[in-house]
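All chains should be built: construct the whole structure from the sequences, respecting the hints.
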Amino acid sequence: MNAIDPSRPEQYADVEIDYMALDKIIEEDFYNNKENLIMIIQAIQRRYNYLPEPSLKYIAAKMGVPLSRIFGIATFYSTFSLEPRGRNIISICLGTACHVRGGERVRERIEGSLNIKDGETTDEQRFTLETVRCIGCCSLGPVVKINEDVHGHISSDQVEKIMDRYE
Amino acid sequence: MRIGSIEDLDAIRREYRMKLYYPETIKVNIGMASCGIASGAKVSLEKAKNAFSGRNGVKVNQTGCIGFCEEEPLVEIFGAGKPRVIYKKITEDKILDTIQDYTEGNFNKKWILGQMNDPRSLLEGDIPNPMTDVTSLDEIPFLEDIPFYNKQFKIALRNCGYIDPDSIEEYITRGGYLAFVKALVDMDQKEIIQEIKDSGLRGRGGGGFLTGRKWETCAGHDGNRYIICNADEGDPGAYMDRSILESDPHSVIEGMLIAAAAIGSSQGFIYVRNEYPLAVKRLITAIKAAEKYGLLGKNIAGFDFNFNIKISTGAGAFVCGESTALMASLEGQVGRPRAKYVHTVEKGFRQSPSNLNNVETYANVPVILLKGAKNYAKIGADGSKGTKVFSLVGKIKNTGLVEIPMGLSLRDIVFDIGGGVPKKKKFKAVQTGGPSGGCIPEQFLDLGVDFDELNKVGSIMGSGGMIVMDQDTCMVDVARYFLDFLQEESCGQCTPCREGIKQMLDILTAICNGHGQGGDIERLGRLGNMIKKASLCGLGTSAPNPVLTTILYFRDEYELHIKDKKCPAGVCKPLFHYEIDRNACTGCTLCAKRCPEGAITGEKKKPHNLVQEKCIKCGICYDTCKFNAVVVK
Numbered sequence: 130m131n132a133i134d135p136s137r138p139e140q141y142a143d144v145e146i147d148y149m150a151l152d153k154i155i156e157e158d159f160y161n162n163k164e165n166l167i168m169i170i171q172a173i174q175r176r177y178n179y180l181p182e183p184s185l186k187y188i189a190a191k192m193g194v195p196l197s198r199i200f201g202i203a204t205f206y207s208t209f210s211l212e213p214r215g216r217n218i219i220s221i222c223l224g225t226a227c228h229v230r231g232g233e234r235v236r237e238r239i240e241g242s243l244n245i246k247d248g249e250t251t252d253e254q255r256f257t258l259e260t261v262r263c264i265g266c267c268s269l270g271p272v273v274k275i276n277e278d279v280h281g282h283i284s285s286d287q288v289e290k291i292m293d294r295y296e
Numbered sequence: 047m048r049i050g051s052i053e054d055l056d057a058i059r060r061e062y063r064m065k066l067y068y069p070e071t072i073k074v075n076i077g078m079a080s081c082g083i084a085s086g087a088k089v090s091l092e093k094a095k096n097a098f099s100g101r102n103g104v105k106v107n108q109t110g111c112i113g114f115c116e117e118e119p120l121v122e123i124f125g126a127g128k129p130r131v132i133y134k135k136i137t138e139d140k141i142l143d144t145i146q147d148y149t150e151g152n153f154n155k156k157w158i159l160g161q162m163n164d165p166r167s168l169l170e171g172d173i174p175n176p177m178t179d180v181t182s183l184d185e186i187p188f189l190e191d192i193p194f195y196n197k198q199f200k201i202a203l204r205n206c207g208y209i210d211p212d213s214i215e216e217y218i219t220r221g222g223y224l225a226f227v228k229a230l231v232d233m234d235q236k237e238i239i240q241e242i243k244d245s246g247l248r249g250r251g252g253g254g255f256l257t258g259r260k261w262e263t264c265a266g267h268d269g270n271r272y273i274i275c276n277a278d279e280g281d282p283g284a285y286m287d288r289s290i291l292e293s294d295p296h297s298v299i300e301g302m303l304i305a306a307a308a309i310g311s312s313q314g315f316i317y318v319r320n321e322y323p324l325a326v327k328r329l330i331t332a333i334k335a336a337e338k339y340g341l342l343g344k345n346i347a348g349f350d351f352n353f354n355i356k357i358s359t360g361a362g363a364f365v366c367g368e369s370t371a372l373m374a375s376l377e378g379q380v381g382r383p384r385a386k387y388v389h390t391v392e393k394g395f396r397q398s399p400s401n402l403n404n405v406e407t408y409a410n411v412p413v414i415l416l417k418g419a420k421n422y423a424k425i426g427a428d429g430s431k432g433t434k435v436f437s438l439v440g441k442i443k444n445t446g447l448v449e450i451p452m453g454l455s456l457r458d459i460v461f462d463i464g465g466g467v468p469k470k471k472k473f474k475a476v477q478t479g480g481p482s483g484g485c486i487p488e489q490f491l492d493l494g495v496d497f498d499e500l501n502k503v504g505s506i507m508g509s510g511g512m513i514v515m516d517q518d519t520c521m522v523d524v525a526r527y528f529l530d531f532l533q534e535e536s537c538g539q540c541t542p543c544r545e546g547i548k549q550m551l552d553i554l555t556a557i558c559n560g561h562g563q564g565g566d567i568e569r570l571g572r573l574g575n576m577i578k579k580a581s582l583c584g585l586g587t588s589a590p591n592p593v594l595t596t597i598l599y600f601r602d603e604y605e606l607h608i609k610d611k612k613c614p615a616g617v618c619k620p621l622f623h624y625e626i627d628r629n630a631c632t633g634c635t636l637c638a639k640r641c642p643e644g645a646i647t648g649e650k651k652k653p654h655n656l657v658q659e660k661c662i663k664c665g666i667c668y669d670t671c672k673f674n675a676v677v678v679k
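Just so you know, the protein sequences line up as chains A and B, in that order. Under the numbering used here, the first residue of the first sequence carries the number 130, and numbering increases by one thereafter. Under the numbering used here, the first residue of the second sequence carries the number 47, and numbering increases by one thereafter.
If you want the ones that stay clear, here's a sample from chain A, every Cβ over 10 Å from chain B, calculated: (1) Tyr-187; (2) Gly-193; (3) Arg-255; (4) Asp-293.
Quick look at which bits of chain B chain A covers, simulated, 3 or more residues with Cβ under 8 Å: (5) 440 to 454; (6) 506 to 515; (7) 665 to 671.
Here are the computed lysine-lysine pairs in the DSSO-like style, where the Cα-Cα straight-line distance is at most 27 Å: (8) B/Lys-344 with B/Lys-356; (9) B/Lys-236 with B/Lys-344; (10) B/Lys-105 with B/Lys-65; (11) A/Lys-163 with B/Lys-344; (12) B/Lys-639 with A/Lys-290; (13) A/Lys-191 with B/Lys-356; (14) A/Lys-290 with B/Lys-140; (15) B/Lys-619 with A/Lys-274.
For the record, the hints were derived by calculation from the structure and aren't laboratory data. Note that the structure is predicted; figures quoted are calculated from it, not measured. Here a beta-carbon is modelled for each residue, glycine too, at the ideal position from N, C-alpha and C.
Here's what the structure looks like:
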């Protein structure tokens, strides 16, 4: 989870928020129910690929929830990102089974090859790198998930070839 | 149609029995749980559907997971009276040939895992064996004769891989919802609870609390009671709950319905990990189907009983597996645990009595009522009744999900079912209980696996992850790995957990980097015991377990790291280097070809050289060499 970087205002300047769509998520999909707050924030992230600040302020006002609580949720749970993410999300599994089968080496290779670390995005917004703890495909370890595709039995010298498939 | 009686269930069973066991066409069932899909099952399914889809007397269907993940994608093919054959590793390029292999009756042994005998129905004894007139094949083993399956006993996984998870009718055909409807008709609340108590069922999520007693306490508190299912399977290396939800979601819904009838509740929740999108999808389909049949909603089965289930997805927080944190998260809050001086069965979700069990626990419940508590209690060990599902992963030949009676020895699980460690490497330890558990060394391999025995050696049952480690696994690194995980996942409320884990991690990281000092082991021990005593919730009180057990059983490895600055397993990079054993090297050039840094040189058929300055210790040469000529120094 990365905090908003105030030195880079351009990162969320170009997102246009569709407030009608937010209203639909809050009211129709989740009945304006505060218990559904986490799922509302998930729905926003699915729509924008991250959580634009204006959208969080809007749900705070709309639902009468302090912004601090929303910010608390957005920073507590690991799936949320306050920064725009890349077109492709690489999730390196570092569950125990993948770890003992060399997941760490795969991570080093991908980090070195893209020159970014966990949670960061490449300059041209092509890849965001995330580490996850177990996606439940332990038999295929070490596993790397790119978007929705699970790549199993990966060795560190194959990663570049696989990443080439994603534009 | 709404189910109103046991007869209604019988009618569905009669109708779908033929489709399930005696299809008019050849039926191709492709295993479509996450493991299968990741190995390529979805592409196979589409290809097979395009080629046949009802034509040429072949019907293509999906099923869940039969557990043998190593051999995925698994495909079962059968027809009325014909053998039921399970083909293994059937990727897209082989699927059409496989179907042809079956229809032409060639039965290529190389592609076949085994044949299914009787997909033992729950109602065994109550209805005739549906498979009596199946022609079996000579020379092809039955699944139960294969080492991977022959010590298994399936209760929670009873339907996984046999039925289409999206078909409520197939679930009913296998005896589904019968236990629930019978309970509504024949039993009052106390009787159901007594039956669960008598069965000795203990919570499968890790703690091992007696399920019946939990239900009883919850039913004893007044208020709007809630039934909650913990499907936030956060232990890395454990995926049995995912498999049950993806392969047999109705078994969990039925278990929750029985709990609701026993405790007196009209609202249920399933809190499921966001990382399991397929499980969520299948659950939604299952809930809709159950609503359509009047098994969820108002006046269920014609009784004065209402129950609804809502799915809530987590957002990636390990600590939300803890009951109070999970309920906070359900309320739309940050998932921080609270002190449990008042238990959640009294004041939990919305400050009301809440009964929380995990997926596997609920999946066991219908079987207990159907077969009777006495019969259930005959299975398993003294203090731990029934079976437990384990995910057997890591350095093991047959990775997969196995369900075994409690009390089976670790040796049976790792070596007989799991086939031992691959590549002739030496077994070192097996890790159970996830980040809260411990590493069990070779000397305890004959230990019977149940809740109490695992506690005695410093580990826990946990949710059932069983990660096998071999000579190439560094135990100090494993301890560091778990603490790194826990440090990230600690909610940060209480100082012992937040600061203590960080301090332990700093010491371990220093040891792994070659900066270990005398006294570090003792410092880790002191810190660990303090964190265990003083932390607020289960995450903290169990966090030091992986470190304390590795110190207890693998102290020599710690000492080698600290005193000799050596990592004998070849994991901690600053503490080892690779060399080529010139006597063993055949000059096959494989390592030189694969080395990403060009650090290995040499002529064909002559011993190679490794240039230390260029080597980044990525380990590719070590894994590639077939002659053990790359050695860790």
